[in-house]
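Start from the sequences and build out the full structure, keeping to the hints where you can.
Listed below are the residues making up each chain.
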Amino acid sequence: MAMLDIDNLHAKIEGEDGREILKGLSLKVNPGEVHAIMGPNGSGKSTLSYILAGKEDYEVTEGSVTLDGENLLEMEIDERAAKGVFLAFQYPIEVPGVATMTFLRSALNAQRKKRGEEEISTPDFLRLVKAKAAGLGISQDMLKRGVNVGFSGGEKKRAEILQMAILEPKIAILDETDSGLDIDALKIVSEGVNALRSPDRGMIVITHYQRLLNHIVPDFVHVMNNGRIVRSGGKELALELEANGYAEYQQDAA
Amino acid sequence: MRTPAEQGLSGELKKLSATGGARIVALREAAAKAFNDNGLPHRRVEEWKYTDLRTLVREALPISTPAQSVVVEAHARLLVDTEVRRIVVANGAVVPELSGFADLEPGLSIQPLAQALAAGSDVVTRLGSLEPGRYDAVLALNTALAVDGVVIAVAPGTVIERPIHVAHVFSGKAAASFARNLVVLGEGASLTYAESFEGPEGAAYQVNSATEFVVADASSLDVVRVQEEGASAIHLSTLLFEVGKDVKLNAFGFTSGAAVSRTSLYARLIGADSAVSFNGALLLKDRQHADSTLFVDHQTTGCESRELFKHVLDDSSRGVFQGKIVVRQPAQKTDGRMMSRALILGDDAEMDNKPELEIFADDVACGHGATCGAIDDDLLFYLRARGIPLKEAQSLLVQAFVGEAIETVANDALRDALVERAETWLKARA
Chain A
1 MAMLDIDNLH AKIEGEDGRE ILKGLSLKVN PGEVHAIMGP NGSGKSTLSY
51 ILAGKEDYEV TEGSVTLDGE NLLEMEIDER AAKGVFLAFQ YPIEVPGVAT
101 MTFLRSALNA QRKKRGEEEI STPDFLRLVK AKAAGLGISQ DMLKRGVNVG
151 FSGGEKKRAE ILQMAILEPK IAILDETDSG LDIDALKIVS EGVNALRSPD
201 RGMIVITHYQ RLLNHIVPDF VHVMNNGRIV RSGGKELALE LEANGYAEYQ
251 QDAA
Chain U
1 MRTPAEQGLS GELKKLSATG GARIVALREA AAKAFNDNGL PHRRVEEWKY
51 TDLRTLVREA LPISTPAQSV VVEAHARLLV DTEVRRIVVA NGAVVPELSG
101 FADLEPGLSI QPLAQALAAG SDVVTRLGSL EPGRYDAVLA LNTALAVDGV
151 VIAVAPGTVI ERPIHVAHVF SGKAAASFAR NLVVLGEGAS LTYAESFEGP
201 EGAAYQVNSA TEFVVADASS LDVVRVQEEG ASAIHLSTLL FEVGKDVKLN
251 AFGFTSGAAV SRTSLYARLI GADSAVSFNG ALLLKDRQHA DSTLFVDHQT
301 TGCESRELFK HVLDDSSRGV FQGKIVVRQP AQKTDGRMMS RALILGDDAE
351 MDNKPELEIF ADDVACGHGA TCGAIDDDLL FYLRARGIPL KEAQSLLVQA
401 FVGEAIETVA NDALRDALVE RAETWLKARA
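Heads up: the protein sequence lines correspond to chains A and U, in order.
In terms of the UniProt record's numbering, the first sequence opens at residue 1 and continues consecutively.
In terms of the UniProt record's numbering, the second sequence opens at residue 1 and continues consecutively.
Just so you know, nobody snuck in bad clues.
Calculated pairs, BS3-like style, for lysine-lysine (alpha carbon to alpha carbon, straight line, at most 25 Å):
id	chain 1	residue 1	chain 2	residue 2
1	U	Lys-15	U	Lys-173
2	U	Lys-391	A	Lys-55
3	A	Lys-170	A	Lys-235
4	U	Lys-173	U	Lys-14
5	A	Lys-12	A	Lys-28
6	A	Lys-114	U	Lys-427
7	A	Lys-23	A	Lys-12
8	A	Lys-170	A	Lys-114
9	U	Lys-427	A	Lys-113
10	U	Lys-391	A	Lys-83
11	A	Lys-156	A	Lys-55
12	A	Lys-83	A	Lys-132
13	A	Lys-114	U	Lys-391
14	U	Lys-285	U	Lys-354
15	U	Lys-391	A	Lys-113
16	A	Lys-55	A	Lys-28
17	A	Lys-83	A	Lys-170
18	U	Lys-248	U	Lys-324
19	U	Lys-324	U	Lys-354
20	A	Lys-144	U	Lys-391
21	A	Lys-132	A	Lys-113
Just so you know, the hints here were simulated from the structure itself, not pulled from any lab data.
Since we're looking at a predicted model, the values are computed, not measured.
Take a look at the structure:
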């Protein structure tokens with residue numbers, strides 16, 4: 001059984017007239033695998049990431065999602081995180097008044113508590129953050145500031161990767177982590193992500209562009225359109241998409 | 001038609017104290033007469049529109065009697081771990097054996113009001129001099145009935161490092177307690193003054209406290225108030241400021257207590273180029289009602305005034321913020337800004353904001369704003385997506401919300417104590 005198993009997932013926006021966005025999506029991710037999901041705007045990529053993380057604006061109407069055999073869809077948002085789901089946000093949110101260090105520590109300890117582990121000691125925590133932050137070029141000053149407050153676009157994305165490095169998820173979903181990054185920032189972020197590739201960890205990398213996949217080389221590439229995966233292949237599929245665009249898939253859908 | 005409470009209070013007003021000399025006696029008599037003529041305010045009196053005392057104060061309680069100092073000591077919990085000089089006032093009377101009158105810094109004088117009145121101290125000539133010149137029922141009752149409190153004077157040029165904390169404690173059966181305080185800063189002096197209010201949870205007692213602050217030229221004053229009265233209490237307080245030139249004044253109030261509370265603040269800026277700020281964090285639950293009403297009167301040029309009030313309203317609680325900035329014709333180059341933000345946690349909570357600007361000068365920058373809203377769902381989702389449970393995520397966000405106001409407190413120890421009070425409130429909620 002796959003670590004993350006998404007089977008025939010249908011979902012719509014919450015509410016009576018909610019539009020159906022996912023229309024029978026299936027995907028299996030095993031430990032150690034990196035899956036790229038590519039697709040045009042509006043194909044449902046971000047919705048998929050939000051549904052996996054547990055955002056309450058969507059309603060699953062059919063299908064299932066399991067993580068290590070457990071029903072993910074029944075879990076609270078924070079419970080999913082404690083089980084190892086991590087969503088790197090496309091637009092990381094500013095949280096004024098909550099210092100990044102406080103936030104990281106609260107998150108790490110809440111997850112440990114939920115898993116029945118002991119809280120991390122202050123010196124261990126400081127050492128951990130210092131080591132991980134240095135590699136991502138995150139200054140002590142940024143760590144003292146409110147979460148993402150006054151961060152540039154690139155800094156926000158690096159901060160997301162720092163959170164991921166500290167929380168060590170089982171399955172990481174990176175939602176358009178490349179958006180808004182210049183080439184240098186893209187490199188730093190990609191290196192951060194690559195450092196977190198591990199035989200125990202699965203990743204789903206959502207992106208519009210092949211560019212990111214030069215840096216984070218996926219094991220599988222999936223094309224998503226109109227709420228489902230319409231084609232899967234190896235990393236060479238990304239190059240083909242870069243050359244030909246999504247037009248042929250969109251015609252299929254119509 | 002007079003209410004039973006008004007009748008009862010008028011009864012008390014027949015027995016005024018005769019201490020303090022002719023001027024003070026005349027003040028008491030004038031205040032008593034004003035109350036007898038006007039009574040308690042009701043909702044048709046604009047400044048009391050949201051806090052109708054005629055309805056809220058059902059009965060006049062007997063004036064409180066002194067409490068036993070051992071009992072008081074056990075009940076005085078607020079700020080006990082903070083490095084301060086503490087003066088304890090129980091049921092409106094100073095408790096000398098619990099108060100730090102010894103080893104005063106040079107240039108600092110602290111005495112019980114009753115003693116200062118009896119001795120005819122010079123400083124008492126300022127008592128009552130800051131009254132706003134129009135009828136305020138709560139202040140009138142205080143002026144007429146308060147016979148004790150704390151009088152602090154800081155000599156010109158004297159910097160007092162250690163904060164002075166006047167701890168008001170109520171203990172015993174439901175009664176009405178009155179305290180009057182006076183703080184006089186000489187030119188160039190500096191002081192941090194804290195006052196706190198607490199009492200038993202179950203008793204429906206009433207507290208009426210007034211503090212006058214005379215803040216002379218080039219002096220610096222920080223005021224920190226903590227109001228954590230018992231849940232059935234009525235807390236009415238008045239803060240009066242007269243601000244000279246080149247003054248730095250920063251007053252902050254933390255409120256989480258009392259069933260009904262009202263704090264009226266009058267600030268008269270009579271000297272040029274001073275910077276004042278009046279800020280507050282109010283955390284309310286159940287059916288608590290808290291009213292903060294401010295009158296900031298810019299009488300001369302170049303002063304800056306700031307107000308930042310943060311309300312957190314759970315259950316069916318109600319917050320009221322009325323802020324009035326008056327800029328008189330000579331007060332050119334005034335810079336006044338007022339902001340009230342409320343975070344609504346309870347389905348039936350209510351916030352009433354009434355900002356008012358009255359500007360007679362033509363070269364000023366004044367503004368006000370008010371917001372009300374629930375905790376941002378996107379923020380909550382972000383925190384929860386990192387594994388932080390709902391209640392803890394809410395607590396972090398509420399703490400951040402009130403933190404912006406608490407941050408304005410300059411004294412580290414007091415600021416830490418306030419953060420801790422906010423955390424305690426949040427823990428009790430979770």
